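Protein chains: 2
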Amino acid sequence: MKKDELSLSDVFKCTYDKFDNGVLLVSAGSDGRKNIMTIGWGLIGILWREPVFMVAVRDSRYTHELIEETNEFTVNIPGDDIGEAIKLCGSVSGRDHDKFKETSLTAVAGKNVQVPIISECLLHFECKVIGKTQATPEKLSEEVLQSCYPRDDFHTLYYGKILSVYGEEC
Amino acid sequence: MKKDELSLSDVFKCTYDKFDNGVLLVSAGSDGRKNIMTIGWGLIGILWREPVFMVAVRDSRYTHELIEETNEFTVNIPGDDIGEAIKLCGSVSGRDHDKFKETSLTAVAGKNVQVPIISECLLHFECKVIGKTQATPEKLSEEVLQSCYPRDDFHTLYYGKILSVYGEEC
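Protein sequence lines correspond, in order, to chains H and G.
Per the numbering used here, the very first residue in the first sequence carries number 172; after that it's consecutive.
Per the numbering used here, the very first residue in the second sequence carries number 172; after that it's consecutive.
Hints are computed from structural coordinates only; laboratory data are not their basis.
This structure is a prediction, so every number in the text was calculated from the model and none was measured.
We put the CB at the ideal spot given by N, CA and C, even for glycine.
Be aware that one or more of the hints could be misleading.
List of simulated lysine-lysine pairs, BS3-like, C-alpha gap at most 27 Å [what the hints assert, rightly or not]: (1) K184/H to K184/G; (2) K272/H to K184/H; (3) K205/G to K258/G; (4) K205/H to K258/H; (5) K299/G to K310/H; (6) K282/G to K184/H; (7) K310/G to K272/G; (8) K310/G to K310/H; (9) K310/H to K282/G; (10) K299/G to K205/G; (11) K282/G to K184/G; (12) K272/G to K258/G; (13) K299/H to K282/G; (14) K272/H to K310/H; (15) K310/G to K282/H; (16) K332/H to K272/G; (17) K205/H to K310/G; (18) K184/H to K299/G; (19) K310/H to K272/G.
In silico negatives: residues of chain G with every beta carbon more than 10 Å from chain H [as the list claims (entries may be wrong)]: (20) D175; (21) D188; (22) D202; (23) G203; (24) T209; (25) L214; (26) R220; (27) E240; (28) G254; (29) S264; (30) D269; (31) A278; (32) E291; (33) A306; (34) T307.
Please model the complete structure; the sequences and the hints are all you need to start from.
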């Protein structure tokens, strides 16, 4: 399997297209406990002079708790063969479920972060949080509030400096 | 000149690569006064179920004042032939300068927004702000604070739903 370092330009299309079916956000606590969360949103580009992957995590999530501890995450782009795992990681909480165990996905050490990557995925972004902002109701459109926040369960937006992106172009 | 509707996947590489030399953010007030600002940062992807272009604008800028009035902006990707205009738009304030006049760039009506596009550019994103967040010092890394905020002049991050992207693939 090719695991070369890639440019953001090369991997945007694959990443963007895969959001439709879900991509996998991995986080870990300072004691090493780890979690997988399925995400369908993300922004990629340049911010604060750095290449950045932005992910949105509701403050109530276990993933939020873990990122707050280590300020790191990985984003892993799956192929078409792990649909059931993507579904499971998007439907239960890591507080009650060991999602690596239940999906049989394999955690492999990151190159530049303590958070693992998922070896079954095609493409991996390793990210270090360099900033975050808070989604707040007074600064969102009515449409966004109704469509995404019926329960006032707002997101922290984490801006991860992309330390490394590697895998297979897809 | 081809001005077809394009997909984000098709235009990411061009947009991302052009950040290095500056791309042009256009805003307009509710009374039609308009401005151009050179930006080197931006994030593209999906947020709140919508295709989004995020731009960062310091609260002190004239562009901030204008976006606050209309909640719209366009991002225009230049070719290699308007370097002087890019420089001017990044070095003076629209409060004191009519940058369209001084650069001889041409404002053309947007298709879906009241803010104009710049016809000399290759590629145009028309965006409607659906949310914004505030960069605040306690949520930024030390590196970002030192590198980008020596004068505590923080950014509003505007998330523009991409209503249309068109022009030439580059």
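Hint by hint, here is what the structure shows:
Distance check on the hinted pair: K184/H and K184/G sit about 9 Å apart at the alpha-carbon level, within 27 Å; holds. For the hint pairing K272/H with K184/H, the CA-to-CA distance comes to about 30 Å; that exceeds 27 Å, so the pair is violated. A threshold of 27 Å between alpha carbons decides the hint, and for K205/G with K258/G the separation of about 18 Å falls inside it, so the pair holds. Of the supplied pair hints, the one linking K205/H and K258/H holds, its CA atoms being roughly 18 Å apart against a limit of 27 Å.
Between K299/G and K310/H, the direct Cα distance comes to roughly 14 Å. Compliance with the 27 Å bound is thereby established for this hinted pair. Restraint check for K282/G and K184/H: satisfied, since their Cα atoms lie roughly 25 Å apart, inside the 27 Å limit. Restraint check: the Cα-Cα separation between K310/G and K272/G comes to about 39 Å, which exceeds 27 Å; the hinted pair is violated. The suggested pairing of K310/G with K310/H holds, with an alpha-carbon distance near 18 Å, which does not exceed 27 Å.
With a CA separation close to 25 Å, the supplied pair K310/H and K282/G stays within the 27 Å bound. Distance hint between K299/G and K205/G is fulfilled; the C-alpha atoms sit about 16 Å from each other, no more than 27 Å. A C-alpha spacing of about 24 Å is found between K282/G and K184/G, which places the hinted pair at or below 27 Å, so the restraint holds. For the proposed pair K272/G and K258/G, the alpha carbon gap of about 15 Å is at most 27 Å, so the pair holds.
Between the alpha carbons of K299/H and K282/G the distance comes to roughly 39 Å, so the proposed pair goes past 27 Å and is violated. For a cut-off of 27 Å, the pair hint linking K272/H to K310/H is broken: about 39 Å separates their Cα positions. Our distance criterion of 27 Å between C-alpha atoms is met by K310/G and K282/H, whose separation comes to about 25 Å. Under the criterion of a C-alpha separation no larger than 27 Å, the hint pairing K332/H with K272/G is inconsistent with the structure, at around 38 Å.
Pair hint K205/H plus K310/G holds up; C-alpha atoms about 23 Å apart against a cutoff of 27 Å. With a CA separation close to 23 Å, the supplied pair K184/H and K299/G stays within the 27 Å bound. At most 27 Å may separate the alpha-carbon atoms for a hinted pair to count; K310/H and K272/G exceed this at roughly 33 Å. Non-interface status of D175/G relative to chain H is upheld: no Cβ of that chain comes within 10 Å, the nearest being about 18 Å off.
At roughly 7 Å, the least C-beta separation between D188/G and chain H is not larger than 10 Å, which violates its mark as non-interface. Consistency note on D202/G: stated as away from chain H, and its beta-carbon is indeed over 10 Å from all of that chain's, at 23 Å minimum. No beta-carbon of chain H is positioned within 10 Å of the beta-carbon of G203/G; the least distance is around 23 Å. Here T209/G stays apart from chain H, with its beta-carbon at least about 14 Å from theirs, past the 10 Å limit.
Listed as a non-interface residue, L214/G fails to keep its Cβ farther than 10 Å from every Cβ of chain H; the least gap is roughly 4 Å. In this structure R220/G is not separated from chain H by more than 10 Å, as the shortest Cβ-Cβ distance comes to only about 6 Å. Once the 10 Å rule is applied to beta carbons, E240/G is consistent with being away from chain H; the minimum gap is 16 Å. Listed as a non-interface residue, G254/G keeps its Cβ farther than 10 Å from every Cβ of chain H; the least gap is roughly 19 Å.
Separation of S264/G from chain H is adequate, the least Cβ-Cβ distance of about 22 Å exceeding the 10 Å criterion. For D269/G, the requirement that its beta carbon stay farther than 10 Å from each beta carbon of chain H is met, with the minimum near 29 Å. In this structure A278/G is separated from chain H by more than 10 Å, as the shortest Cβ-Cβ distance comes to about 25 Å. At the 10 Å boundary, the C-beta of E291/G stays outside the reach of chain H, the nearest C-beta of that chain being 23 Å off.
With a least CB separation of 6 Å from chain H, A306/G falls inside the 10 Å interface cut-off, contrary to its annotation. Not every Cβ of chain H is farther than 10 Å from the Cβ of T307/G; the closest lies at roughly 7 Å, contradicting the non-interface assignment.
In summary, the structure is inconsistent with hints 2, 7, 13, 14, 16, 19, 21, 25, 26, 33, 34 from the numbered list given earlier, while agreeing with the others.
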